[in-house]
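J.: From first to last, the protein sequence lines are chains A and B. Position one of the first sequence corresponds to residue 1 (the working numbering), numbered consecutively onward. Position one of the second sequence corresponds to residue 1 (the working numbering), numbered consecutively onward.
Worth flagging that the hints you see were computed from the coordinates, not collected in a lab. Where hints are given, some of them may not hold.
Given that identical chains are not distinguished, each listed pair holds provided it fits within a single copy or across any two copies.
No farther apart than 25 angstroms at their CA atoms in a straight line, the calculated lysine-lysine pairs in the BS3-like style are these [to be verified]:
hint	residue 1	residue 2
1	LYS68	LYS103
2	LYS64	LYS308
3	LYS167	LYS58
4	LYS103	LYS17
5	LYS294	LYS68
6	LYS184	LYS58
7	LYS215	LYS356
8	LYS58	LYS17
9	LYS308	LYS356
10	LYS184	LYS167
2 protein chains.
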Amino acid sequence: MIVSESELRNFTEQVFKQMGCPSQDAVLAADVLLRSDLRGIDSHGVARLSGYVRLWEKKRINPKPEIKIVHETATTATVDGDSGLGLVVAPFAMDVAIAKAEKYGSGWVSVRNSNHFGIAGYHALKAVAKDMIGFAMTNASPLVAPTFTTERLLGTNPMCYAFPAGKYPPLIVDMATSAAANGKLEIAQRSGKEIPEGWVQTSAGAVSTDPHALKQGGSLLPLGSDREHGSHKGFGLSATVDILSSVLSGANYGPWVPPFVAFIDPLSDLPGQGIGHFLGAMRVDGFRPVDEFKQHLDNWISRFKSAKPVHAEQPVIIPGEPEYEAEQERRVNGIPLVDAVVDDMNILAERFGIEKLRAYTA
Amino acid sequence: MIVSESELRNFTEQVFKQMGCPSQDAVLAADVLLRSDLRGIDSHGVARLSGYVRLWEKKRINPKPEIKIVHETATTATVDGDSGLGLVVAPFAMDVAIAKAEKYGSGWVSVRNSNHFGIAGYHALKAVAKDMIGFAMTNASPLVAPTFTTERLLGTNPMCYAFPAGKYPPLIVDMATSAAANGKLEIAQRSGKEIPEGWVQTSAGAVSTDPHALKQGGSLLPLGSDREHGSHKGFGLSATVDILSSVLSGANYGPWVPPFVAFIDPLSDLPGQGIGHFLGAMRVDGFRPVDEFKQHLDNWISRFKSAKPVHAEQPVIIPGEPEYEAEQERRVNGIPLVDAVVDDMNILAERFGIEKLRAYTA
């Protein structure tokens, strides 16, 4: 089913309003989810809407949070999200970072007591719109085992860096620090296919090509897959995200990060509050004139686009370009939703007494 | 041959003085190299001393640089290294970052017109000593091909994040953004062994297990090794390092980064000056009291140290711990040097008329 942007946006806003979010927050939360669907990152958009609703039903999401700065210097701050939607808490925190950068050149905010914040790229791109370099990270439900271990101690903990270019779209690196995301396992499960070695291990730490290994007590592997190929680096990056997001802010870290799925309860004796994010903004003109920077970043991108491909039919991919192209296309032609997501949305429509999604007609 | 720290330090200082470095710079540059040898990162220590000398002979290193800030805001700055040793330029830049952090909570410095800066960890740890979080990155000679391409457009571009702990040593992630470092190929070359798939590709972009493939026109692969295992993420991280270090400062980037080896001349029509670094410092107490942070980081480390290992004889490795242990051991027992490095040092001794290194006797 293909749905227009405005139809899907309107539907999503209504669901958040029904959860009790103030109108402005519902509009913002829907904007974050829609941006993910528009950019072709289907796993992090409205596909997660029912997940947020279930967390709210369990009272693990507060629809009317009092988000506030609890500690700060000129360029740093800790924000408490009051158990709100990460989709609302993270934009608040990024606005704090940007305001500090406007005054002092850079701004850095660590966030506690939040929930999942959608795609990291949404938040980093807010800085890019102001000719700043944007940084966004978050920790997440533990699914990844550190190198040499069998315990799920880390989330897929994404890191995102975004840079404003001139004639090209922003260059944006937005990546999980695991070898593969959970969504890729789900696709293989549906199609009954094996997965490559290096994505998951069994509960005993053995190599596995079974897409069900994770559900059977196994774990995802850090970027690098095994020690020989640098999995200790993926582990180190994931640790960095966890510490900047949560040890620094007072959120939960490691195995204590509350799961996104509502049917698994958080552990007891938590060392912090909610999940954590880390957001930053740095003014380009704090280093050199914006025009000069953009001209050189354009030159960088041009040179890399001309890189000799291994196979002529698969040219190099500049980070952020596929997502930018998806966004241009989907704004015009609508957003495709898989059946499972449409079913979820129909259940939400009934649950809240709102009109079902209608297919897009050009 | 095993050499005492003081013997090796003294020798290295003399070589830098013979290059014409002011005494204070020679002491500092030797300190950066020695720290690498002490920490067991033998590839980045005195093993590179003759390489710096050869660059100086080619007039690509200025032994008496006027290092200066050329652009700044309260918390950001661009530093011009005046073609100096990165071993001297980077500590200058990190001091600027730390001074800004002391005043405003954080400080960020992009550096142009520099040379190789040794181990990233040295610089990041300067911030840790002040109860700050340290960041250090640099670009480097192009050896790595972006995903789907056969061209060497990026260096092994390391990134480093360092955090102060309480009862444990600092947690420090210091990693090349390639799947494997060049040094690992050299070890395999010497022992005549094949290397694992995923470290290098041939000049045509084919999979190779030949440790000589890089010398024969091939390239190193980004962390992740191939697209299926996330090499686009390694590419994205390396791009991030390149942009923060050089597009931001006005240094050279991508294929234009001047090679560390003196026998390869830099390309013509360079878009910038020298190589680039990016250094940062963020006060922990800009976010929460230092004691609280350290207590929770200790808790994080304790929990990860207790992670169930796949094999009982190989426990989890906390980032930075092996290097810390090497440092404690080598300060007492001396630093082992392989024959090739001893030969290099003897040549330097003759070249500059200084006394040859003597073996350590306890």
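J.: Given identical chains, is LYS68 near LYS103, meaning Cα to Cα at most 25 angstroms, within a copy, between copies, both, or neither?
T.: both (20 angstroms within a copy, 24 angstroms between copies)
J.: Cα distance capped at 25 angstroms. Does LYS308 pair with LYS356 within a copy, between copies, both, or neither?
T.: neither (49 angstroms within a copy, 48 angstroms between copies)
J.: Checking an output row: LYS58 and LYS17, CA cutoff 25 angstroms. Within, between, both or neither?
T.: within (17 angstroms within a copy, 68 angstroms between copies)
J.: I want to check one pair: LYS215 and LYS356. Are their C-alpha atoms no more than 25 angstroms apart within a copy, between two copies, both, or neither?
T.: Result: close neither inside a copy nor across copies, 32 angstroms intra and 62 angstroms inter.
J.: Within, between, both or neither: how does the pair LYS167, LYS58 come out at a Cα-Cα threshold of 25 angstroms?
T.: Cα proximity of LYS167 and LYS58: none, with 47 angstroms in one copy and 38 angstroms across.
J.: Taking 25 angstroms as the upper bound on the Cα-Cα distance, should LYS184 and LYS58 be classified as within, between, both, or neither?
T.: This pair counts as neither: shortest intra-copy Cα distance 28 angstroms, inter-copy 51 angstroms.
J.: From the Cα coordinates, with 25 angstroms as the cut-off, is the pair LYS64 and LYS308 best called within, between, both, or neither?
T.: neither (53 angstroms within a copy, 40 angstroms between copies)
J.: State whether the alpha carbon distance between LYS184 and LYS167 is at most 25 angstroms within one copy, between copies, both, or neither.
T.: Answer is neither: 33 angstroms inside a copy and 40 angstroms across each miss the 25 angstroms cutoff.
J.: Checking an output row: LYS294 and LYS68, CA cutoff 25 angstroms. Within, between, both or neither?
T.: between (35 angstroms within a copy, 24 angstroms between copies)
J.: Is it within a copy, between copies, both, or neither that the alpha carbon of LYS103 lies no farther than 25 angstroms from that of LYS17?
T.: Answer is neither; intra-copy 35 angstroms and inter-copy 43 angstroms both fail.
In this structure, the earlier hints numbered 2, 3, 4, 6, 7, 9 and 10 are contradicted, and the remaining ones agree with it.
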